[in-house]
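**Q** Keeping their order, the protein sequence lines are chains D and F. Each residue of the first sequence is one higher than the last, beginning at 1073 in this note's numbering. Each residue of the second sequence is one higher than the last, beginning at 1073 in this note's numbering.
Mixed in with the good hints there might be a few duds.
Where chains are identical, the list cannot tell them apart; a pair therefore holds if satisfied intra-copy or between any two copies.
Calculated pairs, EDC-like style, for lysine to aspartate or glutamate (alpha carbon to alpha carbon, straight line, at most 16 Å) [stated by the list, open to error]:
#1 LYS1445 x GLU1218
#2 LYS1316 x GLU1120
#3 LYS1358 x GLU1194
#4 LYS1361 x GLU1083
#5 LYS1361 x GLU1191
No lab work stands behind these hints, which were simulated from the structure alone.
2 protein chains.
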Amino acid sequence: MELFNVVTVPEARRQIEQSWEAKWQIERVSLTEALGRRLAADVFSREEVPGFTRSTVDGFALRAEETFGATETLPACFELMGEILMGVVPEIDLLPGQAARVSTGGMLPPGANAVVMLEHTELLDPKSLAVIRPVAPGENLVFQGEDIACGSQVLTTGHRLRPQDLGLLAAVGITAVPVRLPMKVGIISTGNELVMPENEPLFGQVRDINSYVLSGLVQESGGLPLLFGIARDDPDAILALAEKALSLCDLVLISGGSSVGSRDYTVQVLKSLGTPGILFHGVSLKPGKPTLAAVADGRLVFGLPGHPVSVMVVFDLLIKPLLSLGGYGQERHPAVRAKMTRSLASGAGREEHVRVRLIERDGELWADPVLGKSGLISTMVKAQGTVVIPLEAEGLSMGQEVGVHLF
Amino acid sequence: MELFNVVTVPEARRQIEQSWEAKWQIERVSLTEALGRRLAADVFSREEVPGFTRSTVDGFALRAEETFGATETLPACFELMGEILMGVVPEIDLLPGQAARVSTGGMLPPGANAVVMLEHTELLDPKSLAVIRPVAPGENLVFQGEDIACGSQVLTTGHRLRPQDLGLLAAVGITAVPVRLPMKVGIISTGNELVMPENEPLFGQVRDINSYVLSGLVQESGGLPLLFGIARDDPDAILALAEKALSLCDLVLISGGSSVGSRDYTVQVLKSLGTPGILFHGVSLKPGKPTLAAVADGRLVFGLPGHPVSVMVVFDLLIKPLLSLGGYGQERHPAVRAKMTRSLASGAGREEHVRVRLIERDGELWADPVLGKSGLISTMVKAQGTVVIPLEAEGLSMGQEVGVHLF
């Protein structure tokens, strides 16, 4: 009987990166449409921010040196020259002994080098100001160009745009950016027992779950899912759907039929799709062992297990990074630290992914394994993340600190 | 001079929850459109999953008792009765001493109570099977109704739909669900110095950042942002935009002009919008102190600080939970644990939010404060999350373990 030629997760990644390269298409979107999109180019600022030295508080602009030694009993007194108006060039040019009222964000007038906060002053009369605490030169100011220097790189190709990044782009006057189009991902489920969810299964049939789990996972990772439906367990049926999906998509996911049972035709189909063909068949991973990948004329095809839990684990490790980054780089969110509520054994020689629920108890975070067979979708619904038992480890002990990858 | 009547964050939340209630509108969406949406009703299963007892492996169905004691040298032998076909009711009814081939997901035939894995068998001839390891009754099976019981509640009102939840809904034949419509959030920036990002600022002017930061934050929290542009520092101008926004939105955010400086008209406008009016003015929070909230005839209006960093902190604490949950419930993602790279002092009596970058060093995670004035948008772009110094604490010491809230 043909068995798996099993590779580790890092080896599987290495083989994929060697044989396949992400090709991004690009579109331009406005700032209000750009949230969550990935930049298709480095972004540089053509100006400095702020464009002028500004106050960060409501207060009075003055010469800092003239406040040195000021106290409540011995305030420093200034002649008040009026108010700096917002959004216009100040008409006030301060001489020694003079101060001008300025609001948060207002421009520092010529002659001043600091702003004293309103709370540290007293207005003696409309023309006389008493300052009761000293300020240092530069205090309560943001200097011209301090936030963003002219010509500096502010964001990098591939960066996922967050709300603050949109603010930064607005600040430098960039109102549209080139972003990567979502990778198109074809999704196929295989199995004679499957029916569409809207159909009533006959006795012996079940509804297709994986197409919907995968559709959600692809969307969440920034891809565009295209559902191609259910193929019967028949090489011609699988081949027909796979070729249709390949002609329209950058990447194709076929779930079910990736094992070595008599009805597992996916491997046979993947061999025939194009060159170089099968990269690996089997990953030392639990759940998720019967996973295969092939490259057919520049397009990547995965054969995934039939169990939805296995599908989620394999997706997270091998497919999500490709959709978001085009490869297996950095940028995995750091794990949440928690302690195991119980011990778990694991066979050495495979990487095991355990579903856990997080529990807060006495101010500490605990990872509580959600036990249940990997075929049960309900266990994934109850879990909040996974804990990895590494390839070489034989288990985890109760109370041991672990990293939980949230999903 | 009128100063703030400062409340703590929990007190601000209490006042908002007492005076305002989220009103959700509802729409029905199909599974492929439902990712990330919040359920508007509890979901119950009208069926059991799986609908029949299934094999979780590729192997042979048989009576477990007849394998007891089987070893490689002394296998248990069975008469092979053919294969269970997928998706149809088995025609095979096993008698003692008989076995039938079954694939992963296939139905257990009558007469069998377990499945032995392919790997633990040898085919002696097309009609004879040797089993070399015993199985227990029920082994390698998922029982009828084991995943989801008929009539059980599978998801709860308000739950945010993840990929595995879509799979669960597909499994029980629910192909469309009622979800909450995003809350409409009006966004207004105020300030004479502000220009739209597409305009070239004159000397003394700056571009509006907050509208775009808020637009992104609202989207990220499941709301629908509506931008109403920039109001000049003039009560009539602010009132006109605020009334327009209130007539179209569930919630209105006005940034800038929430302090007590001479040009801070937001509080004046918020007093005049409707009853009960101002809830609080000032929160013991750094950054974010000059925050105010008002309720005007059932609609909630926030006056936010002008600094984008303050805007983000206040949004996260007071506004995001309302858009996603309608109140200040649970469901904040647990913090990532990290150690401080340096000590930080904080004034007691206010909750301080410090922006940090995460650094991995010797397998440990460190939180490294991103220093910089709160007016700098670039500090938020460099940061990956925030660390909270609680109201009563006076700072954090180097090496101290803290929780980092990622954004």
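**Q** Between LYS1316 and GLU1120, at a C-alpha cutoff of 16 Å, which is it: within one copy, between copies, both, or neither?
**A** neither (51 Å within a copy, 34 Å between copies)
**Q** For the identical chains here, do LYS1361 and GLU1191 meet the 16 Å Cα criterion within one copy, between copies, both, or neither?
**A** Classified as between: cross-chain Cα gap 14 Å, same-chain 66 Å, threshold 16 Å.
**Q** Could you figure out if LYS1361 and GLU1083 sit no more than 16 Å apart (CA to CA) within one copy, between two copies, both or neither?
**A** within (14 Å within a copy, 52 Å between copies)
**Q** Given a CA cutoff of 16 Å, do LYS1445 and GLU1218 count as a within-copy pair, a between-copy pair, both, or neither?
**A** between (57 Å within a copy, 10 Å between copies)
**Q** Could you figure out if LYS1358 and GLU1194 sit no more than 16 Å apart (CA to CA) within one copy, between two copies, both or neither?
**A** neither (71 Å within a copy, 25 Å between copies)
In the structure shown, a violation is registered for the earlier hints numbered 2 and 3, in ascending order.
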